[in-house]
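**Student:** Quick mapping for you: the protein sequence lines, in order, are chains F and U. The opening residue of the first sequence carries number 1 in this note's numbering; numbering runs sequentially from there. The opening residue of the second sequence carries number 1 in this note's numbering; numbering runs sequentially from there.
Certain hints may be false.
These stretches of chain U come out as covered by chain F in the derived footprint (C-beta under 8 Å, 3 or more residues) [claimed, not checked]: (1) 54-67; (2) 71-79; (3) 87-98.
No farther apart than 30 Å at their CA atoms in a straight line, the calculated lysine-lysine pairs in the DSBU-like style are these [to be verified]: (4) F:Lys237 / U:Lys129; (5) F:Lys6 / F:Lys472; (6) U:Lys129 / F:Lys280; (7) F:Lys228 / U:Lys3; (8) U:Lys85 / U:Lys75; (9) U:Lys64 / U:Lys3; (10) U:Lys55 / U:Lys109; (11) U:Lys3 / U:Lys75; (12) U:Lys75 / U:Lys58; (13) U:Lys129 / F:Lys228; (14) U:Lys3 / F:Lys153; (15) U:Lys75 / F:Lys228; (16) F:Lys237 / F:Lys6; (17) F:Lys153 / U:Lys85; (18) F:Lys238 / U:Lys129; (19) U:Lys109 / F:Lys6; (20) F:Lys280 / F:Lys237.
Which bits of chain F does chain U cover? Going by a derived footprint, with three or more residues having C-beta under 8 Å, they are [said to hold, decoys possible]: (21) 176-183; (22) 190-204; (23) 267-274; (24) 286-292.
Hints were generated in silico from the structure; no laboratory data involved. Note that CB positions come from ideal geometry on N, CA and C, so glycine has one too.
Here is how the chains run, residue by residue.
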Amino acid sequence: MTEAGKLSRVLYVDLTRRRHWVSERPELFDRCLGGTGVGIRLLSEECRQGIDPLGPENPIILCSSLLSGVFPLTSKMIAMFKSPLTGNLGESHAGGRAAVALRMAGYGAMVIRGRSGTPVYLAVREDEVRLRDASVMWGMGSSSAICRIIGEKEGNPGIRSIMNSGRAGDYLVRYASVAVDTCRHFGRLGLGAVFGSKKLKAVVISGKKSLTVSDPRGYRSLYDELFKTFTTSPLLKKYHDLGTPANVLTLNATKTLPTKNLQAVQFAGAEALSGEELAKNFLGRRAACAHCPVSCVHIAAVRVQYPDEPYFYKTRMISYDYEPIFALGTMLEIRSARGYLLLMDRAEELGLDAMTVGVALAWATEALERGILTTDDTDGVELKWGDHVRYMEALDKIVEQRNDFYRALAKGTEYAASKYGGKDFALVFGGNEMPGYHTGLATYLGHIVGSRHSHLDGAGYSYDQKVNAMKKPAVPAEAAKALFEEEAWRQILSSIGACFFARAVYTPEMVGRCLRVIGKERTSAELRRLGERILREKYAFKFREGFSLSPEAIPIPRRVLELPTPQGTLREEDFREGIREFERLIRGAGPSA
Amino acid sequence: MPKRLSIVDAELCVGCQSCMFACNRRFAEAGIGRSAILVQSMGGFDRGFVVRVCKSCKEPPCEKVCPTGAMTGRKGGGVVLNPDKCVSCGNCVRACTIGAIQWDTTADKPVVCVYCGYCAPYCPYGVLKLEEIQDEEPALLLTTAGAGEAGVSATEAPSPDRPGVNV
Chain F
1 MTEAGKLSRV LYVDLTRRRH WVSERPELFD RCLGGTGVGI RLLSEECRQG IDPLGPENPI
61 ILCSSLLSGV FPLTSKMIAM FKSPLTGNLG ESHAGGRAAV ALRMAGYGAM VIRGRSGTPV
121 YLAVREDEVR LRDASVMWGM GSSSAICRII GEKEGNPGIR SIMNSGRAGD YLVRYASVAV
181 DTCRHFGRLG LGAVFGSKKL KAVVISGKKS LTVSDPRGYR SLYDELFKTF TTSPLLKKYH
241 DLGTPANVLT LNATKTLPTK NLQAVQFAGA EALSGEELAK NFLGRRAACA HCPVSCVHIA
301 AVRVQYPDEP YFYKTRMISY DYEPIFALGT MLEIRSARGY LLLMDRAEEL GLDAMTVGVA
361 LAWATEALER GILTTDDTDG VELKWGDHVR YMEALDKIVE QRNDFYRALA KGTEYAASKY
421 GGKDFALVFG GNEMPGYHTG LATYLGHIVG SRHSHLDGAG YSYDQKVNAM KKPAVPAEAA
481 KALFEEEAWR QILSSIGACF FARAVYTPEM VGRCLRVIGK ERTSAELRRL GERILREKYA
541 FKFREGFSLS PEAIPIPRRV LELPTPQGTL REEDFREGIR EFERLIRGAG PSA
Chain U
1 MPKRLSIVDA ELCVGCQSCM FACNRRFAEA GIGRSAILVQ SMGGFDRGFV VRVCKSCKEP
61 PCEKVCPTGA MTGRKGGGVV LNPDKCVSCG NCVRACTIGA IQWDTTADKP VVCVYCGYCA
121 PYCPYGVLKL EEIQDEEPAL LLTTAGAGEA GVSATEAPSP DRPGVNV
């Protein structure tokens with residue numbers, strides 16, 4: 001067996017007992033490849049039914065994959081845990097250098113158990129695992145400073161990755177994020193809060209290895225083929241040029257851009273928040289994940305004057321993407337790129353998931369407008385559409401949770417709406433705040449049924465856009481089938497650590513060719529079957545933890561049914577039909593052996 | 001003419017490390033354990049990157065501190081490593097001012113650029129370039145003349161008599 005084809009070591013760390021050990025699990029990686037496939041197996045093993053997501057029993061599982069460090073654009077680290085936001089499957093993917101670093105340190109996956117008595121960070125090297133004191137960083141309000149402190153202390157720059165939570169994680173905000181190498185994230189579903197519950201501030205991993213392959217000549221030529229595609233293909237040009245914010249004007253033009261808590265689907269201020277505007281006036285630096293020549297990471301430079309010192313300035317470097325622009329921009333009717341960027345920067349430094357907190361603030365603003373909330377609830381903050389300064393104040397208050405209202409909002413929009421009212425305009429699906437597409441039936445159906453309640457599960461927005469372009473109505477059963485098939489295949493992509501932006505390149509045939517070079521034979525049909533199996537394992541976990549697709553368990557916010565989409569006004573019965581069909585598909589064969 | 005790698009513009013670097021993986025693929029292996037290049041951030045991706053490649057010094061510090069003669073100067077600049085003579089002391093790594101010698105932890109030997117240029121085409125943004133060392137380029141004097149002689153100070157302005165003193 002070649003070194004590249006062999007991945008077997010799982011590092012276990014028990015924070016309670018301050019012990020670590022390595023378990024050899026070659027069969028796990030041989031069968032499941034890595035990433036999501038290995039992650040759901042380990043989560044099912046480690047996480048007992050019904051445990052408290054913020055208790056010491058909740059494991060954190062981090063998975064690299066067989067192709068990470070071998071081929072380009074396969075550098076996603078997959079995190080698995082029980083989500084403190086939704087109460088079921090917590091799965092989040094992040095780029096940066098994490099997955100490559102874990103593989104280069106000699107591990108396929110890590111399992112973090114227990115809870116430390118005092119704040120610590122975990123430092124993993126090829127030959128050493130250490131728990132180091134992190135009390136000085138506990139409660140610190142700058143996530144990027146935490147990353148720099150640890151970087152300076154741990155050394156090994158260039159062959160290292162730092163994953164750290166921010167202040168929001170320490171205060172157990174249910175949608176706290178974990179930043180990877182300062183500008184990539186485990187954003188969704190609350191990994192930062194799980195870090196916080198364990199008194200774990202960060203995980204830093206470093207290492208470097210050279211890995212033999214079974215077909216050296218074939219490796220180099222396949223690598224060249226992929227590299228050429230990634231650097232010249234129009235498939236990736238969008239991500240390379242303007243990046244994901246290219247979506248802003250596209251969605252606005254098709255009246256599918258959720259605006260002002262989805263009171264509108266077109267935004268008069270879209271131009272100001274567009275990828276074009278950001279690139280023209282703010283883009284200050286480009287960056288890339290490890291092993292990715294596309295470099296989709298766009299970082300804005302914003303010059304900020306100090307109020308009391310007229311000749312003192314700071315320059316904030318703020319990475320931006322479409323989804324945060326939607327959540328902290330259009331949803332809050334922010335009319336300037338600068339306003340959005342400063343709000344984004346605050347969310348980033350506090351370690352809050354930008355998407356969730358943006359949608360939560362949009363709900364709170366409307367609730368205040370309608371008198372469901374008062375400024376007593378908001379502790380004097382007069383949340384107002386377009387006012388980024390007030391929203392910045394609110395971010396701090398959500399983190400600190402000094403009153404009942406902020407304590408509720410820190411548990412998520414669904415929880416806050418269940419306490420205060422306004423469920424009809426609380427834009428939450430499966431407990432997770434919505435992403436930025438009002439494209440039609442498939443996108444919302446995907447948010448409802450998807451295993452992570454993410455637009456990236458089954459890419460319903462993409463299905464909608466294809467249907468809309470052909471001016472066809474969306475058929476619920478067909479949309480459900482398309483979502484199921486796409487999500488099943490994406491389990492393979494996330495099991496090899498592939499970036500979903502590379503999905504058109506990493507076809508079943510191409511994945512098979514990549515695996516062959518490292519000594520593994522998998523036919524396209526086998527890979528597709530494995531994808532379905534992994535997806536079913538994830539739903540088995542979800543259902544076990546109480547997730548249900550029954551109409552009572554899945555309320556559909558009325559707001560979604562009020563505004564027309566390119567497919568017309570959406571109907572609840574179409575959702576119900578689509579959900580039934582998806583449930584039939586996912587339960588169909590049951591978890592196969 | 002011998003060749004060397006040069007950095008066209010480090011500000012163009014996005015930190016993708018494609019060059020590091022390419023350097024390792026010289027051996028048709030995956031990973032970065034045998035790479036002679038190191039690309040690191042300046043304390044967070046948002047601050048930009050440092051690209052560490054061998055600059056092909058005319059009088060390489062690594063050669064000077066090698067106790068066994070495993071590192072020998074190459075004509076035109078840079079060094080050639082003879083791993084059989086190397087005793088893995090690590091002096092060369094410590095001596096390299098710009099941190100351009102890496103360590104192969106498996107072989108327990110230094111990794112230094114062999115000036116093959118395999119990496120350069122894999123830099124998507126043209127940060128790295130393989131170039132010929134120009135013999136006609138004005139020689140930079142690294143040493144002053146011996147004590148008591150009329151030495152040339154490196155801080156003096158260049159003149160036709162002292163070509164290339166330009167610090």
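**Student:** Which hints, by number, does the structure contradict?
**Tutor:** Going through the list in order, the structure violates hints 1, 2, 3, 5, 14, 15, 16, 17, 22, 23 and respects the others.
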